[in-house]
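One line per chain: the protein sequences are Z and Y, in this order.
Mind the numbering: the first sequence is residues 1 to 115 in our numbering, read in order.
Mind the numbering: the second sequence is residues 116 to 232 in our numbering, read in order.
Please keep in mind that the hints were generated in silico from the structure rather than gathered at the bench.
Even for Gly, the Cβ is constructed at its ideal location relative to N, Cα and C.
One should not assume that every hint holds.
[To be verified] Taking lysine-lysine and the DSSO-like style, the derived pairs with C-alpha atoms no more than 30 Å apart in a straight line are:
id : chain 1 : residue 1 : chain 2 : residue 2
1  : Y       : 153       : Z       : 20
2  : Y       : 131       : Z       : 55
3  : Z       : 41        : Y       : 118
4  : Z       : 98        : Y       : 185
5  : Z       : 64        : Z       : 14
6  : Y       : 153       : Y       : 131
7  : Z       : 64        : Y       : 118
8  : Z       : 41        : Y       : 131
9  : Z       : 101       : Z       : 64
10 : Y       : 131       : Z       : 101
11 : Z       : 101       : Y       : 153
12 : Z       : 66        : Z       : 14
13 : Z       : 20        : Z       : 64
14 : Y       : 153       : Z       : 98
15 : Z       : 101       : Y       : 118
[To be verified] So these bits of chain Y aren't anywhere near chain Z, every CB distance computed over 12 Å:
id : residue
16 : 135
17 : 157
18 : 224
[As the list claims (entries may be wrong)] Covered stretches of chain Z (chain Y as the covering partner; in silico rule of three or more C-beta atoms under 8 Å from a C-beta of chain Y):
id : region
19 : 31-44
20 : 84-97
21 : 103-115
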Amino acid sequence: GAVVSQHPSWVICKSGTSVKIECRSLDFQATTMFWYRQFPKQSLMLMATSNEGSKATYEQGVEKDKFLINHASLTLSTLTVTSAHPEDSSFYICSASKVAKNIQYFGAGTRLSVL
Amino acid sequence: AQKVTQAQTEISVVEKEDVTLDCVYETRDTTYYLFWYKQPPSGELVFLIRRNSFDEQNEISGRYSWNFQKSTSSFNFTITASQVVDSAVYFCALSERWETSGSRLTFGEGTQLTVNP
């Protein structure tokens, strides 16, 4: 199999606080993980590519100081939304790609609501 | 630059009808992968198929079939005898790098399929 676990599935936080989202590959090692953002009824927008042991590569327009990504092991990547604001409310989805395999397997997503 | 177009925003069918979801792509690379993913209301994207650019054979998996035509840059997806559980958003995607795990996906806008009983 290729199971990717994402936690939490849903989070509500106050404006100004930070939120951490975890993405784990449960039954395979992932050299690369991806973080996407999805607005209602829209496609997925790639935010950043995360490689184990190195700094993440952010897409144009994504603030790296606001969306902190850490990929400390071959099975775990985290996205921290710092000083969250209501406009950060969205659906965040991670994916993981097996070593030397070009298929991304997705987590179930995290719905973030910032009050 | 690569681009994926899913012209059908929404499709509604009655159960047991066949339905085809269209996908047209643009790329300058000669080697690439094409994908279909399903996103049910729960939100998780489910991998359905990957096809490499050198393999134009059509593929069938149960009620699902895929028609890859390089000449028209299309990778269409057909569901035969649709069921209510097929209701979801379906995304077509393109990856331009070959056999590497760090390849970015370019997604189409998605097609919302609703299968009514």
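Hint check results:
This hinted pair checks out: residue 153 of chain Y and residue 20 of chain Z have alpha carbons roughly 26 Å apart, not beyond 30 Å. Restraint check: the Cα-Cα separation between residue 131 of chain Y and residue 55 of chain Z comes to about 49 Å, which exceeds 30 Å; the hinted pair is violated. For the proposed pair residue 41 of chain Z and residue 118 of chain Y, the alpha carbon gap of about 19 Å is at most 30 Å, so the pair holds. For the hint pairing residue 98 of chain Z with residue 185 of chain Y, the CA-to-CA distance comes to about 27 Å; that is within 30 Å, so the pair holds.
The suggested pairing of residue 64 of chain Z with residue 14 of chain Z holds, with an alpha-carbon distance near 21 Å, which does not exceed 30 Å. Of the supplied pair hints, the one linking residue 153 of chain Y and residue 131 of chain Y holds, its CA atoms being roughly 19 Å apart against a limit of 30 Å. Restraint check for residue 64 of chain Z and residue 118 of chain Y: the C-alpha separation of about 25 Å stays at or below 30 Å, so the hint holds. Of the pairs offered as hints, the one joining residue 41 of chain Z and residue 131 of chain Y holds, with about 26 Å between alpha carbons and a cut-off of 30 Å not exceeded.
A threshold of 30 Å between alpha carbons decides the hint, and for residue 101 of chain Z with residue 64 of chain Z the separation of about 27 Å falls inside it, so the pair holds. For the given pair, residue 131 of chain Y sits about 35 Å from residue 101 of chain Z by alpha-carbon distance, which is inconsistent with the 30 Å threshold. For a cut-off of 30 Å, the pair hint linking residue 101 of chain Z to residue 153 of chain Y stands: about 20 Å separates their Cα positions. Of the supplied pair hints, the one linking residue 66 of chain Z and residue 14 of chain Z holds, its CA atoms being roughly 16 Å apart against a limit of 30 Å.
For the proposed pair residue 20 of chain Z and residue 64 of chain Z, the alpha carbon gap of about 14 Å is at most 30 Å, so the pair holds. Under the criterion of a C-alpha separation no larger than 30 Å, the hint pairing residue 153 of chain Y with residue 98 of chain Z is consistent with the structure, at around 19 Å. For the hint linking residue 101 of chain Z to residue 118 of chain Y, the alpha-carbon distance of about 22 Å falls within 30 Å, and the restraint holds. With a closest Cβ-Cβ approach of about 20 Å to chain Z, residue 135 of chain Y is found to remain outside the 12 Å limit, as its non-interface label requires.
Taking the minimum C-beta to C-beta distance to chain Z, about 7 Å, the non-interface status of residue 157 of chain Y is violated against the 12 Å cut. The claim that residue 224 of chain Y lies off the interface is violated: its Cβ sits roughly 5 Å from the closest Cβ of chain Z, which falls inside the 12 Å cut-off. For a cut-off of 8 Å, the count of residues in the region 31-44 of chain Z with a CB near a CB of chain Y stands at 7, and the three-residue condition holds. As drawn, the region 84-97 of chain Z meets chain Y at 4 residues by the rule of a beta-carbon pair under 8 Å; at three or more, the given contact holds.
Counting residues of the region 103-115 of chain Z whose CB lies closer than 8 Å to any CB of chain Y gives 8, which reaches the minimum of 3, so the coverage claim holds.
The structure fails to meet hints 2, 10, 17 and 18 from the earlier list, while all remaining hints are met.
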